[in-house]
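Protein chains: 2
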Amino acid sequence: MRFTSEHRLDDGVLEREFTLGEIPGILWTPASAPAPASLILLGHPSLGLRRMYPRLVARARHAAADGFAAATIELPGSGDRPRWAAAEQARAELRRVREAGRPVGDELIDALILPLVERAVPEWRAALDALLPLPEIGGPVGYSGGVISIGIRLAVVEPRIVAAGFFAGSLVPRAMFEEARQVTIPLHVLLQWDDEGNDRQAALDLFDAFGSKEKSLHANMGGHTGVPQFAGEGAAGFFARHLK
Amino acid sequence: MRFTSEHRLDDGVLEREFTLGEIPGILWTPASAPAPASLILLGHPSLGLRRMYPRLVARARHAAADGFAAATIELPGSGDRPRWAAAEQARAELRRVREAGRPVGDELIDALILPLVERAVPEWRAALDALLPLPEIGGPVGYSGGVISIGIRLAVVEPRIVAAGFFAGSLVPRAMFEEARQVTIPLHVLLQWDDEGNDRQAALDLFDAFGSKEKSLHANMGGHTGVPQFAGEGAAGFFARHLK
Numbered sequence: 037m038r039f040t041s042e043h044r045l046d047d048g049v050l051e052r053e054f055t056l057g058e059i060p061g062i063l064w065t066p067a068s069a070p071a072p073a074s075l076i077l078l079g080h081p082s083l084g085l086r087r088m089y090p091r092l093v094a095r096a097r098h099a100a101a102d103g104f105a106a107a108t109i110e111l112p113g114s115g116d117r118p119r120w121a122a123a124e125q126a127r128a129e130l131r132r133v134r135e136a137g138r139p140v141g142d143e144l145i146d147a148l149i150l151p152l153v154e155r156a157v158p159e160w161r162a163a164l165d166a167l168l169p170l171p172e173i174g175g176p177v178g179y180s181g182g183v184i185s186i187g188i189r190l191a192v193v194e195p196r197i198v199a200a201g202f203f204a205g206s207l208v209p210r211a212m213f214e215e216a217r218q219v220t221i222p223l224h225v226l227l228q229w230d231d232e233g234n235d236r237q238a239a240l241d242l243f244d245a246f247g248s249k250e251k252s253l254h255a256n257m258g259g260h261t262g263v264p265q266f267a268g269e270g271a272a273g274f275f276a277r278h279l280k
Numbered sequence: 037m038r039f040t041s042e043h044r045l046d047d048g049v050l051e052r053e054f055t056l057g058e059i060p061g062i063l064w065t066p067a068s069a070p071a072p073a074s075l076i077l078l079g080h081p082s083l084g085l086r087r088m089y090p091r092l093v094a095r096a097r098h099a100a101a102d103g104f105a106a107a108t109i110e111l112p113g114s115g116d117r118p119r120w121a122a123a124e125q126a127r128a129e130l131r132r133v134r135e136a137g138r139p140v141g142d143e144l145i146d147a148l149i150l151p152l153v154e155r156a157v158p159e160w161r162a163a164l165d166a167l168l169p170l171p172e173i174g175g176p177v178g179y180s181g182g183v184i185s186i187g188i189r190l191a192v193v194e195p196r197i198v199a200a201g202f203f204a205g206s207l208v209p210r211a212m213f214e215e216a217r218q219v220t221i222p223l224h225v226l227l228q229w230d231d232e233g234n235d236r237q238a239a240l241d242l243f244d245a246f247g248s249k250e251k252s253l254h255a256n257m258g259g260h261t262g263v264p265q266f267a268g269e270g271a272a273g274f275f276a277r278h279l280k
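Line by line, the protein sequences give chains A and B. Each residue of the first sequence is one higher than the one before, starting from 37 at the first, in our numbering. Each residue of the second sequence is one higher than the one before, starting from 37 at the first, in our numbering.
In case anyone wonders, no lab produced these hints; they're calculated from the structure. Among these hints, one or two may not hold up.
Copies of the same chain are indistinguishable here, so a pair counts whether it falls within one copy or spans any two.
What the hints assert, rightly or not - Straight-line Cα separation of at most 20 angstroms, EDC-like style, residue types lysine to aspartate or glutamate; simulated pairs:
| no. | residue 1 | residue 2 |
| --- | --- | --- |
| 1 | 249 | 53 |
| 2 | 280 | 269 |
| 3 | 280 | 194 |
| 4 | 249 | 230 |
| 5 | 280 | 143 |
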């Protein structure tokens, strides 16, 4: 891991861009931390870090205010990272299906999500390998938001992640429902009740499938991007309970 | 309204029992309130105030710690209040149906709940008439918990109630789903995902039916009485946002 830039935000949070091999990422650490800060990995949709930056930095500031470090990396095939043909084809097909108002079939969901999970999860784990030895960062680790299937796989395979906040707002391959049963860490799941691009019943089924003994579903009104501010505060309370 | 007893709890909260005509009730006010305190009405199941007292006083202490007054009254047909034959018959039938493991039919739900709503709601409104003129109590008013159909009716007919926290854990007559559409105040709805005596799908349908623009569903694991402590804290945040 190589840091490529460093600056202080107005609230004192230290923001550092880094590269991990060819993968760009950002690390935020609190202005003053008496001890190593627990880390929250900030997941995001595959729209590119640059486009997602305003929302990511807002989440990182909230995390830092609660004493947590936060970090994110670019997803494979997003931002400036190389595309691959199958993913581009699947995205183009998704646009056609949505424009035609047709339902998104299982095969297309698999093509969109499963290769992304396969590629992204080892990268997030490599990011943990690189970040956790930094003296200002300690365990345990939380994962928050983004493509929920990436979060599910990480929760299953990565023992350093002890709590996860999921946003049930993306397409979920059938196979991930089975994988969800293997998740046992505490979960805080946000659902936008009237999310235009999301199947509410599938989200409820997924919540039901999670094997965790502690799991909470927080459903709020509004569309995909309309998560109310108080919902973010609820998620902050969840991480404060589990990462401290 | 006539106060019949008064004592201070160890945390300074003033607890006063009262009667409103033949109806017993309890009022809790914070140890020190600089200004009149907003009031939260504490709903409860029809098991009698005496049996519910430990849970009610715990909720009242939490409310007082947040600066709120809290009050509750005995439900018609509960505690020492006179029974009426139809309600006793319906309760006996419910016991038989549950012991036999049969589903609780719509007709029985109507017989159990609708007369209770008809009788209880005017009494809670009368309690508001009596409580709100007290100098230590101000508006606005919140309603929390208890038989959800009573809460729905109160939210529809009582304009002094500006926010409600419901517990989706009781039987709901079909007619109340229509009434739920008329509710427009902010709602915070708790659901125990594996509530043994509760129909989860009916609870989700009811949440969907509420007409409120701001409504949140918080589902947690555990049975009917297993609401986790952090869920109570979430509800406290809801009332802090809406009653201050």
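Hints versus structure:
| no. | hint | result |
| --- | --- | --- |
| 1 | 249 <-> 53 | neither (37 angstroms within a copy, 40 angstroms between copies) |
| 2 | 280 <-> 269 | both (16 angstroms within a copy, 18 angstroms between copies) |
| 3 | 280 <-> 194 | within (19 angstroms within a copy, 43 angstroms between copies) |
| 4 | 249 <-> 230 | between (27 angstroms within a copy, 11 angstroms between copies) |
| 5 | 280 <-> 143 | neither (41 angstroms within a copy, 51 angstroms between copies) |
The structure fails hints 1 and 5 (numbered hints given earlier, in ascending order).
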